[in-house]
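Peer 1: Can you make the complete structure from the sequences, with help from the hints?
Everything in the sequence shown is counted per the numbering used here, starting at 18 for the first residue and increasing by one.
Because the hints were derived from the structure by calculation, they are not lab data.
It cannot be assumed that every hint is accurate.
Stated by the list, open to error - Only pairs whose alpha carbons sit at most 20 Å apart, straight line, appear in this in silico SDA-like list of lysine to any residue:
#1 50 to 33
#2 205 to 175
#3 39 to 29
#4 50 to 225
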Amino acid sequence: MSSITGAWPPPRAFWTDTLPEKTAGMTRPYLFKGVVPASAANAAAVLDGFAAIRRAHAAGMEITANARVYVGEEERPDLVDTVLSADGWPDDGFPAWMQGQVGAERFSLVLNTLESVSPPLAAGLGEFVGALIDGWGFPAGGAELVAFVGNYSGTAFGVHEGYENAFLTHYGPGTKDFYCWPAEEYRKLTGGSGPLFGDYTWLLEHGEHFALEPGDALFLPERVFHVGRQSEFSVSVAIPLYTFPDAAIARAWIAPDLLGALLVSEPDTDAGRPSPMQPLTAGPDELARRLSTVTAAAFTAAAQQAPAAAEQHAHQRWYTVLSNGGWQQTDHDLARDEAAAAFAAASLVPGRSVAVRAPYRLMVTGEQAFLRSCETAADPAVLTPDLVERLNDGPATLPDDPQVIAAIRTLGATGGLTVTTTPEETE
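Peer 2: This is the structure in structure tokens:
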């Protein structure tokens with residue numbers, strides 16, 4: 018374990034003191050050596066995540082996690098079904114198996130939203146994300162796990178810009194050479210801000226070089242250009258922190274919901290009454306006036322209601338991400354669905370013990386309960402602060418109270434709970 022962090026996950030002082038100091042206030046890349054223990058994340062766990070994607074593909078299940086295949090810098094969507102459908106690889110034989118599937122010696126496999134198919138990685142690296150949130154801050158869009166697997170001579174995206182703060186964790190077995198350039202320097206060297214493909218070896222000598230070994234974590238600040246290169250097979254996992262511009266959140270979520278509610282035009286209502294036919298000789302002026310009146314009224318009302326709408330969205334986003342252990346919200350989460358199915362199959366009786374699955378958190382605010390990014394109605398008289406704390410610290414023994422058991426059953430549908438013992442085991 019690195020003397021810089023001293024423990025896993027990195028303690029609060031790492032985020033408040035060490036990280037800002039080593040990175041010039043989160044503006045420069047810095048390589049932290051030996052940060053991630055193999056017990057928290059490793060190459061085998063990443064390949065198990067890929068196996069879960071393959072399992073879902075075989076079952077015809079829709080999931081958000083996906084695989085992309087590259088040969089050199091060329092994306093090969095035609096090979097995705099091949100690697101998802103082929104028979105599995107032998108023990109310790111993944112590189113050769115992958116080479117056989119793609120018909121090339123050098124390859125790159127990119128896996129997105131890995132936290133939704135790998136409970137071990139979600140929990141292990143969730144400790145890192147949880148400590149980051151506590152010591153540094155809350156990423157409003159949550160975090161993601163993106164795996165880079167292969168023996169590629171250069172990142173398939175070329176030398177490119179990263180738009181958010183991120184950590185790149187490395188698990189080997191090979192060493193990854195990583196090069197970084199500040200945006201201004203990159204523009205001076207290349208004459209632009211676009212990615213650079215092909216032979217860019219001339220550029221590498223101008224970049225800051227980092228050699229990533231198993232267990233290392235490289236901090237990559239936002240808007241830094243970078244590329245990874247390696248000659249041996251290795252596995253890395255990036256953890257981008259999605260903060261999103263405020264305007265993007267308002268445009269994508271708050272404004273559509275607000276204006277959609279204000280501009281409802283259901284049949285048999287005044288707002289839903291069709292507009293009259295417009296005389297051709299009158300031109301578009303009368304139509305413009307009518308549309309202007311409706312639009313201006315909606316925007317005036319939206320301005321008045323915006324603070325309440327923003328507050329509601331912020332409240333929901335805050336607890337959604339935090340209850341999900343800091344991970345981004347995912348619609349088709351394979352691991353969540355499988356956990357929910359397993360919980361539904363278990364009988365809940367007094368004396369049985371349940372707990373919140375790591376790294377998720379049960380959070381009750383008012384009459385809302387949030388767990389694993391899902392929101393349900395809650396009775397605070399049933400889901401008391403004491404019960405919530407015991408579930409989060411788990412395991413908690415179920416009392417002989419039908420209301421509590423019913424509430425636990427509802428929460429189990431989120432995939433955020435697990436049964437830890439049976440009544441017989443507690444005797």
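Peer 1: Would you list, in rising numerical order, the hints stated earlier that this structure does not obey?
Peer 2: none
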